[in-house]
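2 protein chains.
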Amino acid sequence: MEELKQKISQEGKVLSESVLKVDSFLNHQIDPVLMQKIGEEFATRFTKAGITKVLTLESSGIAPAVMTALQLGVTTVIARKRKSLTLIDDLYSAEVHSFTKQETSEISISKDYITSKDNVLIIDDFLANGQAALGLMDIVKQSGAKVAGIGIVIEKGFQPGGNQLRERGIQVESLAIIESLNGGKVKFKEEVSI
Amino acid sequence: MEELKQKISQEGKVLSESVLKVDSFLNHQIDPVLMQKIGEEFATRFTKAGITKVLTLESSGIAPAVMTALQLGVTTVIARKRKSLTLIDDLYSAEVHSFTKQETSEISISKDYITSKDNVLIIDDFLANGQAALGLMDIVKQSGAKVAGIGIVIEKGFQPGGNQLRERGIQVESLAIIESLNGGKVKFKEEVSI
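Read top to bottom, the protein sequences are chains V and D.
Here the first sequence stands for residues 1 to 194, where the numbers follow UniProt numbering.
Here the second sequence stands for residues 1 to 194, where the numbers follow UniProt numbering.
By construction, these hints were calculated from the structure, which means they are not laboratory data.
The model shown is predicted, which means the values in this text are computed figures rather than measured ones.
Be a bit skeptical, because a hint or two may be false.
The list cannot tell twin chains apart, which means a pair is met if one copy fits it or any two copies do.
As the list claims (entries may be wrong) - Under the rule of at most 30 Å between Cα atoms (straight-line distance), these lysine-lysine pairs were calculated in the DSS-like manner:
(1) LYS117 x LYS7
(2) LYS187 x LYS141
(3) LYS13 x LYS146
(4) LYS187 x LYS111
(5) LYS5 x LYS141
(6) LYS187 x LYS146
(7) LYS189 x LYS117
(8) LYS13 x LYS141
(9) LYS185 x LYS111
(10) LYS13 x LYS117
(11) LYS141 x LYS185
(12) LYS111 x LYS146
(13) LYS111 x LYS189
(14) LYS117 x LYS101
(15) LYS21 x LYS117
(16) LYS48 x LYS21
(17) LYS111 x LYS5
(18) LYS7 x LYS111
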């Protein structure tokens with residue numbers, strides 16, 4: 001997605017050979033017009049997949065997931081990292097390790113919102129080692145629903161998550177794939193989809 | 001906002017005389033079409049306020065804030081509850097106590113995204129004791145920016161936050177104000193704005 005790549009080139013900050021900061025439009029400050037276009041792009045790429053539900057993980061996945069769900073005419077479910085007092089129903093849960101935050105969290109969703117009849121599109125902001133995506137897939141599997149595909153805003157192509165998911169036959173659509181962050185520069189790979 | 005009130009009446013679950021669960025469309029599962037209408041409504045109510053930035057708190061405020069920012073043609077800043085490794089700049093921080101979660105968190109934003117020139121609309125999903133709103137106002141004050149107003153999806157009118165904020169002369173626009181949750185029923189108050 002050309003507009004996203006331009007934004008990353010202009011505003012992304014390369015903090016190390018593995019860390020890209022996109023706080024100015026995706027993670028901390030959000031550009032809603034870009035999010036709307038990202039939602040339209042995901043909806044286009046999965047238009048024939050018969051999606052019934054969009055699933056993401058709080059909190060950076062929420063904006064692109066809501067915009068995608070709006071375009072697809074379905075609802076979004078936000079997996080939570082911790083339980084709150086108002087979430088008392090039975091849950092589907094999985095563990096997710098974040099290498100960025102160096103911690104393992106339990107993510108969960110209420111059993112009310114994904115059922116065995118659903119065809120779920122997983123959306124997330126970043127894909128690196130694939131831990132969040134695997135945790136979300138685990139939750140979908142527990143519900144008996146089907147994973148229709150995974151939509152990622154920025155994939156770190158030099159980390160193994162994307163390829164591992166594609167090797168399992170999952171349709172992974174990444175709107176920008178980064179080949180390397182070496183020398184403080186963002187180098188993009190061409191977009192790949194199965 | 002009539003459509004929101006209908007949704008609360010149909011799908012809201014009264015868990016106690018002070019706790020209303022709206023997980024089916026606002027907090028856990030998100031209805032993106034309703035969020036879009038909520039964004040339009042906030043934008044209409046603050047259309048003359050000259051908003052330059054929408055500020056919210058992760059994670060339930062994100063969907064209504066992004067939709068509002070989209071309508072107003074500005075960006076949204078998401079105050080975070082914890083610091084992450086990629087947020088290394090100087091921060092504005094405040095403490096927020098959540099009575100629902102029975103914990104105090106530090107919320108913060110990067111100094112990069114709100115400056116003294118900004119006119120900030122604060123958006124949140126719920127207003128009860130006003131702790132989150134006060135924390136967000138504290139952050140705006142630290143930046144030297146102005147608080148243009150506060151937009152709340154659901155205000156618990158039987159708790160003191162809304163009136164305390166209005167008494168300070170702040171424009172608080174709540175799309176649904178709940179007068180009571182007694183007897184397991186949601187009773188609405190008419191919408192109030194200064």
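Cross-check of the supplied hints:
With identical chains, the CA atoms of LYS117 and LYS7 are at most 30 Å apart between copies only, with a shortest distance of 24 Å across copies and 38 Å within one. Taking identical chains as interchangeable, the C-alpha atoms of LYS187 and LYS141 are never at most 30 Å apart, the minima being 35 Å within one chain and 39 Å between chains. Taking CA atoms no more than 30 Å apart as the test, LYS13 paired with LYS146 passes between copies only; the shortest distance there is 29 Å, against 36 Å inside one copy. For the homomeric pair LYS187 and LYS111, the shortest alpha-carbon distance between copies (28 Å) is at most 30 Å, but the shortest distance inside one copy (41 Å) is not.
In this assembly of identical chains, LYS5 and LYS141 lie within 30 Å of each other by CA distance neither inside one copy nor across copies; the values are 33 Å within and 35 Å between. In this assembly of identical chains, the alpha carbons of LYS187 and LYS146 never lie at most 30 Å apart, being 34 Å within a copy and 39 Å across copies at closest. For the identical chains of this complex, LYS189 and LYS117 are neighbours neither inside a copy (36 Å) nor across copies (39 Å), given an alpha-carbon limit of 30 Å. For the homomeric pair LYS13 and LYS141, the shortest alpha-carbon distance between copies (27 Å) is at most 30 Å, but the shortest distance inside one copy (36 Å) is not.
Taking the closest pair of Cα atoms, LYS185 and LYS111 come within 30 Å of each other only across two copies (24 Å); inside a single copy the shortest separation is 43 Å, beyond that limit. Within a single copy, LYS13 and LYS117 get their C-alpha atoms only as close as 42 Å, which misses the 30 Å cut-off; across copies the closest is 24 Å, which meets it. For the homomeric pair LYS141 and LYS185, neither the shortest alpha-carbon distance inside one copy (38 Å) nor that between copies (36 Å) is at most 30 Å. In this assembly of identical chains, LYS111 and LYS146 lie within 30 Å of each other by CA distance solely inside one copy; the values are 15 Å within and 42 Å between copies.
In this assembly of identical chains, LYS111 and LYS189 lie within 30 Å of each other by CA distance neither inside one copy nor across copies; the values are 38 Å within and 32 Å between. Taking the closest pair of Cα atoms, LYS117 and LYS101 never come within 30 Å of each other, the shortest separation being 34 Å inside a single copy and 32 Å across copies. For the homomeric pair LYS21 and LYS117, the shortest alpha-carbon distance between copies (24 Å) is at most 30 Å, but the shortest distance inside one copy (38 Å) is not. Proximity of LYS48 to LYS21 under the C-alpha cut-off of 30 Å is found in neither arrangement, the shortest distances being 33 Å within a copy and 34 Å between copies.
In this assembly of identical chains, the alpha carbons of LYS111 and LYS5 lie at most 30 Å apart only when taken from different copies (25 Å versus 37 Å within one copy). When the C-alpha separation of LYS7 and LYS111 is checked against a cutoff of 30 Å, the pair qualifies only between copies, where the shortest distance is 20 Å, while the shortest distance within a copy is 37 Å.
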